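S.K.: Below are the chains, spelled out letter by letter.
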Amino acid sequence: MSVLASSDCKETFVLNLGPQHPATHGVLRVKLTMDGEYIRHAEPVLGYIHRMHEKMGENRTWAQFMPNTGRLDYLSALSYNHGYVLAVERAAGIAVPERAEYIRVITVELNRISSHLVWFGAFILDLGGFTPLLYAFDDREIILDLLQAVTGSRLTYCYFRFGGVYNDIEPDFITGTLAFIKRLRERMPMYHNLVTKNIILIKRLKDIGFVPAEMCRKYGATGPVLRGAGVGYDVRRAEPYSVYPELDFDIPTYPEGDCMARYMVRLDEIEQSMRIIEQACAKLPDGPVMAEKAPKIIKPAKGDYYAAVEAARGSFGVRLVSDGTTTPYRLKLRSPSYSNLSLFGEASRGMLLPDALALMGSLDLVIPEIDR
Amino acid sequence: MSGYFAEIFSGAKSLASGMGITFRYMFKPVVTVQYPHATLKMPERYRGHIELVKDPESGEPKCIVCGMCQRACPSGCITVAGDKLEGEKKKVLSKYVLNFTTCSLCGSCVESCKPGAIQFSREYNLASTRKEDYTIDLLQRLREQR
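In order, the protein sequences belong to chains A and B. Residue numbering for the first sequence follows the numbering used here, starting at 1 and increasing by one per position. Residue numbering for the second sequence follows the numbering used here, starting at 1001 and increasing by one per position.
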């Protein structure tokens, strides 16, 4: 702000960032009012890939909406699957077998790691470093192979069902997952040596892009953005669901609120997700993966239902209004990136353009999830 | 002033250690598959487009033309039709067309099929520039497989 206050330049110009720009990771357009290299005003323009997911939900049965949930956030589709089935299970009163819950947790956490790895690669790419992306994708490829063997797809999963999961996991999957965790543990120090300790990265991220806790509250930002501002809020702990209360994991927080803090939160979350998977694999009980009494045709009783999960980008909520028929009356999706993007305008004021791109990258935006 | 030089020194060291890592990786084996010279084997549960399952005894499709898959499909990409032949109790499948352009591979059809007459194929080489190539006549495909 001080830069703007001292600037006596009255002339500004408008710079369009996007909708086709590699740093926006999709079709997001940001209208920047620039004062030289400094941003005076930033206005995100949304809606380029709006697909009316919520409206689509009102026009099909409860089960038929499932594939849509995998197409909101393509990087952590299973979390979104989870949020939706959780809401419908709550509405229809379906109990899920314990084995299915553990399988859900293992696959969701694997998906979270893969999502963070993509973010890691793409974020460094935004900052001008190409090589780490290839290393991150090398690790992510193993996760995709593991999940492909279970779910049949590599990205837009549709694996969870009301009352369980589509099919059981095989013993190969558990051994493969544990082998992968061992590999990733060995590679994490490499990532830190290659990237985290790099002087260029530190200079680009440290004390850049402040998003204090108060701003997060104002805009409803959640996930690593909020935890990077020092608030230890995680839906897995705040409103426990599935089998998370039985698992031991920490919620990494960094109080600085700068880009580096958000970067560190995500890297620490990879480690915590690995811990969760190890415990879940050890505790995995035998039994069915689908509730026996799960009804084929879902007709939740009249009412208003809400369920939230911790997706890779923050709290993903599903609000369902049922009028007792086979289709939802209203289906509202609360996606984390939408709130996380909303604070960009305020947070980027007075920043240098390259720093603002670092800030945008550190928010980890996935555009299809903003434009639902 | 000493902090300034210390930072230059530690910064240079961090860059050198990063370069050391990339240098070491240069001599590690290639991790990518050289498609199309080499291809990957799709896992058992890979979800390609759906295909009809043959009855091993009669050689005819297992489908009983109940239309459950058609109803379960979220995007209405399956068209099933059957003829009722004289003297036979059951319907005989006459048409099974999949419009793969709108299919999202959710598996609702496979799940809803009681006789287990459809399954996922392991077809993934489907690139084309013509829309018609994705309207797949599964009945004809099954006959050609014989």
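These are computed hints drawn from the structure, not numbers from a lab. Some clues are possibly wrong.
As the list claims (entries may be wrong) - DSS-like mimics (lysine-lysine), calculated; alpha carbons at most 25 Å apart, straight line:
| hint | chain 1 | residue 1 | chain 2 | residue 2 |
| --- | --- | --- | --- | --- |
| 1 | B | K1062 | B | K1091 |
| 2 | A | K55 | A | K296 |
| 3 | A | K293 | A | K31 |
| 4 | A | K218 | A | K332 |
| 5 | B | K1028 | A | K197 |
| 6 | A | K197 | A | K182 |
| 7 | B | K1013 | A | K197 |
| 8 | B | K1095 | B | K1084 |
| 9 | B | K1054 | A | K206 |
| 10 | B | K1095 | B | K1062 |
| 11 | A | K296 | B | K1114 |
| 12 | B | K1090 | B | K1114 |
| 13 | B | K1013 | B | K1054 |
| 14 | B | K1090 | B | K1062 |
| 15 | B | K1062 | B | K1013 |
| 16 | B | K1095 | A | K203 |
| 17 | B | K1028 | B | K1054 |
| 18 | B | K1114 | B | K1084 |
| 19 | B | K1028 | A | K182 |
| 20 | A | K299 | B | K1131 |
| 21 | B | K1114 | A | K293 |
| 22 | B | K1131 | A | K296 |
| 23 | A | K299 | A | K332 |
| 24 | B | K1084 | B | K1062 |
| 25 | B | K1114 | B | K1091 |
| 26 | B | K1028 | B | K1062 |
| 27 | B | K1131 | B | K1095 |
To be verified - To give an idea of the chain B side of the interface with chain A (calculated C-beta under 7 Å), a few residues:
| hint | residue |
| --- | --- |
| 28 | A1016 |
| 29 | I1021 |
| 30 | F1023 |
| 31 | P1029 |
| 32 | V1031 |
| 33 | P1036 |
| 34 | K1090 |
| 35 | C1106 |
If you're wondering where the values come from, they're calculated on a predicted model, not measured in any experiment. For glycine and all other residues, C-beta sits at the position ideal for the given N, C-alpha and C.
S.K.: Given the hinted pair A:K299 and A:K332, is their alpha-carbon gap at most 25 Å?
M.R.: holds, 18 Å
S.K.: Under 7 Å is the threshold here; is the Cβ of B:A1016 close enough to any Cβ of chain A for the hint to stand?
M.R.: violated, 10 Å
S.K.: Measuring from the C-beta of B:I1021 to each C-beta in chain A, is the shortest one below 7 Å?
M.R.: holds, 5 Å
S.K.: Is the shortest C-beta separation between B:P1036 and chain A less than 7 Å?
M.R.: violated, 18 Å
S.K.: Would you check the hint for B:K1095 and A:K203, treating anything up to 25 Å between C-alpha atoms as holding?
M.R.: This hinted pair is violated, its Cα atoms lying about 64 Å apart.
S.K.: Run the distance test for B:K1090 versus B:K1062: straight-line Cα separation, threshold 25 Å.
M.R.: holds, 12 Å
S.K.: Is A:K299 within 25 Å of B:K1131, Cα to Cα?
M.R.: Violated: A:K299 and B:K1131 sit about 37 Å apart, past 25 Å.
S.K.: Check whether the Cα positions of B:K1084 and B:K1062 lie no farther apart than 25 Å.
M.R.: holds, 16 Å
S.K.: Check the hint pairing B:K1095 with B:K1062 against an upper bound of 25 Å on the C-alpha distance.
M.R.: holds, 13 Å
S.K.: What's the verdict on A:K197 and A:K182, does the C-alpha distance respect the 25 Å limit or exceed it?
M.R.: Holds, at roughly 22 Å.
S.K.: Does B:F1023 meet its interface restraint, that is, does its C-beta lie within less than 7 Å of any C-beta in chain A?
M.R.: violated, 11 Å
S.K.: Given the proposed pairing of B:K1131 with A:K296, does the C-alpha separation stay at or below 25 Å?
M.R.: violated, 34 Å
Hints 3, 9, 13, 15, 16, 17, 20, 22, 26, 28, 30, 31, 33 and 34 from the earlier list are contradicted by this structure; the remaining hints agree with it.
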